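Chain residues, written in single-letter form:
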Amino acid sequence: MSQFLQVLLSGLSTGAIYALAAIGFTLVWQAAQTVNFAQGEFVMLPAFFVLIGLHWLHLPLWLSLLFGLAAALLVLGVLFKKIVVEPMLPNGGMPLIIATMALSILLKEGVKQFYGAEAQPFPSLFGQTTMNWDGAIVSVQDVMNLVVALAVVAGLTFFLNRTRTGRCMQACAQNPGVAQILGVDIKRMTLYTFLINAALAALASFLISPIYLAKFSNGETLGLVAFIAAIVGGFNQIRGALAGGLLIGVLDNLTATYVTTEYRAALPLVLLIIIILWRPQGLLGVDEGRKV
Amino acid sequence: MKTWATLALLALGLAALIAAPIGQTHYIVYLLSSWLIFATAAIGLNLTLGYAGQISLAQASFMGIGAYTAALLTMAGVPWLIAAVAAVALCFVVGLALGFPALRVQGHFLAFVTLAFNTLFFLVARNEEWLTGGSYGLSGLPRPHFWGFDTAKNLPFYYFTLVAFVFAAVAMWGIVRSPWGRAFKALRENPIRAESLGVDTRRITLIAFAIGSAYGGFAGALMSPLVQYIEPNSFAFNQSLRVLLMVVVGGAGAFFGPLLGAGVVILLPEVLRFTEGYYLMIYAAAVIALMVFCPTGLIGLGRRVVDRFRPKRARSDLKLGAQL
Numbered sequence: 063m064s065q066f067l068q069v070l071l072s073g074l075s076t077g078a079i080y081a082l083a084a085i086g087f088t089l090v091w092q093a094a095q096t097v098n099f100a101q102g103e104f105v106m107l108p109a110f111f112v113l114i115g116l117h118w119l120h121l122p123l124w125l126s127l128l129f130g131l132a133a134a135l136l137v138l139g140v141l142f143k144k145i146v147v148e149p150m151l152p153n154g155g156m157p158l159i160i161a162t163m164a165l166s167i168l169l170k171e172g173v174k175q176f177y178g179a180e181a182q183p184f185p186s187l188f189g190q191t192t193m194n195w196d197g198a199i200v201s202v203q204d205v206m207n208l209v210v211a212l213a214v215v216a217g218l219t220f221f222l223n224r225t226r227t228g229r230c231m232q233a234c235a236q237n238p239g240v241a242q243i244l245g246v247d248i249k250r251m252t253l254y255t256f257l258i259n260a261a262l263a264a265l266a267s268f269l270i271s272p273i274y275l276a277k278f279s280n281g282e283t284l285g286l287v288a289f290i291a292a293i294v295g296g297f298n299q300i301r302g303a304l305a306g307g308l309l310i311g312v313l314d315n316l317t318a319t320y321v322t323t324e325y326r327a328a329l330p331l332v333l334l335i336i337i338i339l340w341r342p343q344g345l346l347g348v349d350e351g352r353k354v
Numbered sequence: 051m052k053t054w055a056t057l058a059l060l061a062l063g064l065a066a067l068i069a070a071p072i073g074q075t076h077y078i079v080y081l082l083s084s085w086l087i088f089a090t091a092a093i094g095l096n097l098t099l100g101y102a103g104q105i106s107l108a109q110a111s112f113m114g115i116g117a118y119t120a121a122l123l124t125m126a127g128v129p130w131l132i133a134a135v136a137a138v139a140l141c142f143v144v145g146l147a148l149g150f151p152a153l154r155v156q157g158h159f160l161a162f163v164t165l166a167f168n169t170l171f172f173l174v175a176r177n178e179e180w181l182t183g184g185s186y187g188l189s190g191l192p193r194p195h196f197w198g199f200d201t202a203k204n205l206p207f208y209y210f211t212l213v214a215f216v217f218a219a220v221a222m223w224g225i226v227r228s229p230w231g232r233a234f235k236a237l238r239e240n241p242i243r244a245e246s247l248g249v250d251t252r253r254i255t256l257i258a259f260a261i262g263s264a265y266g267g268f269a270g271a272l273m274s275p276l277v278q279y280i281e282p283n284s285f286a287f288n289q290s291l292r293v294l295l296m297v298v299v300g301g302a303g304a305f306f307g308p309l310l311g312a313g314v315v316i317l318l319p320e321v322l323r324f325t326e327g328y329y330l331m332i333y334a335a336a337v338i339a340l341m342v343f344c345p346t347g348l349i350g351l352g353r354r355v356v357d358r359f360r361p362k363r364a365r366s367d368l369k370l371g372a373q374l
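These protein sequence lines map, in sequence, to chains A and B. FYI, in the numbering used here the residues of the first sequence are 63 to 354. FYI, in the numbering used here the residues of the second sequence are 51 to 374.
Mixed in with the good hints, there may be bad ones.
Stated by the list, open to error - Computed spacing ranges between beta-carbons, pair by pair: (1) B:A147 to A:F176: 40 to 50 Å; (2) B:I132 to A:S279: 37 to 47 Å; (3) B:Y328 to A:A181: 13 to 23 Å; (4) A:R224 to B:A221: 29 to 39 Å; (5) A:T192 to B:M125: 48 to 58 Å; (6) B:Y279 to A:R229: 42 to 52 Å; (7) A:G154 to B:P192: 21 to 31 Å; (8) B:N240 to A:A132: 27 to 37 Å.
Said to hold, decoys possible - One side only, chain A facing chain B, incomplete, derived with CB under 7 Å: (9) P152; (10) N153; (11) I167; (12) L168; (13) G172; (14) F289; (15) E324.
These aren't lab readings, by the way, just hints derived from the structure by calculation. Nothing here was measured: the structure is a model prediction, and the numbers come from that model. Ideal placement from N, C-alpha and C gives every residue a C-beta, glycine not left out.
All chains, full assembly: derive it from the sequences and hints.
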């Protein structure tokens, strides 16, 4: 039982981090109809910005984190939108998808060439201590990851549903034409969406890198899991992406502990195929209906 | 007049392909064979992507299924031709089974399902050692032998792949010009209109995907005797991306796009070798630039350049239409 609790909690903790990446993915999908195949690399990269701050610029940790966040907002938010997405939107969906695939190669190879191919240790934000809960050894890091991720998701939901800007962003995602007629600055709202995605990716990066180490190839699995979490939960819902992320995190840890480690990576994929067969709009998704 | 010019160009191209390996080193001949094989896989993917408008990210795993099937059968003493037919048939069936759930839903679900499938295939190939040899792979695969024509050397093997490629390309030409092919194109251009004209879009897309996958299997069946050693990493997701890039760089939906694209993707590393590790970065940046400035690929770029220098001639009775 205590082992089960341990496995469950660490699954929830990684799952919450997956959820952050999945939510960003969903938001960008809604705002710009962009399926971002580089989302995994978006989570891999900010950790390296922090490492650059720490080791090349010799900044203290908190300043490096700020530097990492700022760099992520600039590169993954503003530059991604201005250089990659915007010029390509008139060309339709397919070229943009291909371009994000190329972008993922570019980011991965860039990190490998300019920082290094080895896995880099990343400072833990919450220390390495553990707590004993009723026989279950629980690491503080796991608990804090879960708390931080959930708090951010709650804050984001509040922002999107309760503030004027948030509601304008939702209006843009649902019907850009009407939103523009009603006086919403669509370009600005789309930019906000990209910035939020970059910030979520940076946060996921800072939380997950102490666990998995920072490595240029981290994005491959993270990106795949983020897509799957978004689809499993429901492509058009924030809480769907959250549920999908948590579900995959928990199931992944449970399979690895109790069933098989060899096919651990296969589980999210099998889950994806089952969901698409059984409930293509996702667990919490709402059927959008077909647009003609 | 125009058909004659096309035929002459085709004959010229074929002659160039026949003459290409003569007097070259073993390595170049090997590269050329590999180019034709990847071009076969890319032609198949072009049907899925360029004609039916669906992204498949599993072409490498279909090459893998084909390669392992051909390898296991030929090692058991089955002639290559029969092994290749089995590989193609198996990939067709797997394509149907995989596409059926994914194509139930609109959107880019096929991309994700095939992405997942490629990863699953890689895991199975690596973990099921009794069948695939695990991460050590299968080695010592025999090269086929046809009634006195032995392909053990690289040059005869190149001609063997050339014949196989021409066969595959001609078959694709037939498919694209058949009623099915026209339905594929209708689907890509305007799925709603195609559906309202009575095209069963789901079935047609599924068939396009399955045929595209079968081409992957055929390429795989050619791959295993060429390399004579197969292991899971040659069929990982990265390789699928590579095949996809071949199609897109060449020009999705253009018949000779994949051949051109495969040439660029296979031969460019040799040209860019002096840049060492930066090759992939340059390549990725070039793809992004291509997508920004010319989403129709190199073929589209070529057409655009030709259009710019060729004066526009519109038949007088169509002038009004040309102005619209």
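Hints, one by one, checked against the model:
1. B:A147 to A:F176: 40 to 50 Å: Given a distance of about 43 Å, which is inside 40 to 50 Å, the answer is holds.
2. B:I132 to A:S279: 37 to 47 Å: 40 Å, holds
3. B:Y328 to A:A181: 13 to 23 Å: 22 Å, holds
4. A:R224 to B:A221: 29 to 39 Å: 60 Å, violated
5. A:T192 to B:M125: 48 to 58 Å: 52 Å, holds
6. B:Y279 to A:R229: 42 to 52 Å: Because 59 Å falls outside the window, the suggested range is violated.
7. A:G154 to B:P192: 21 to 31 Å: Cβ of A:G154 to Cβ of B:P192: about 46 Å, so the range 21 to 31 Å is violated.
8. B:N240 to A:A132: 27 to 37 Å: For A:A132 against B:N240, whose Cβ atoms are near 45 Å apart, the range 27 to 37 Å is violated.
9. P152: 9 Å, violated
10. N153: 4 Å, holds
11. I167: 4 Å, holds
12. L168: 4 Å, holds
13. G172: 6 Å, holds
14. F289: Hint holds; A:F289 Cβ to chain B Cβ min 6 Å, cut 7 Å.
15. E324: 5 Å, holds
Of the numbered hints stated above, those contradicted by the structure are hints 4, 6, 7, 8, 9, listed in ascending order.
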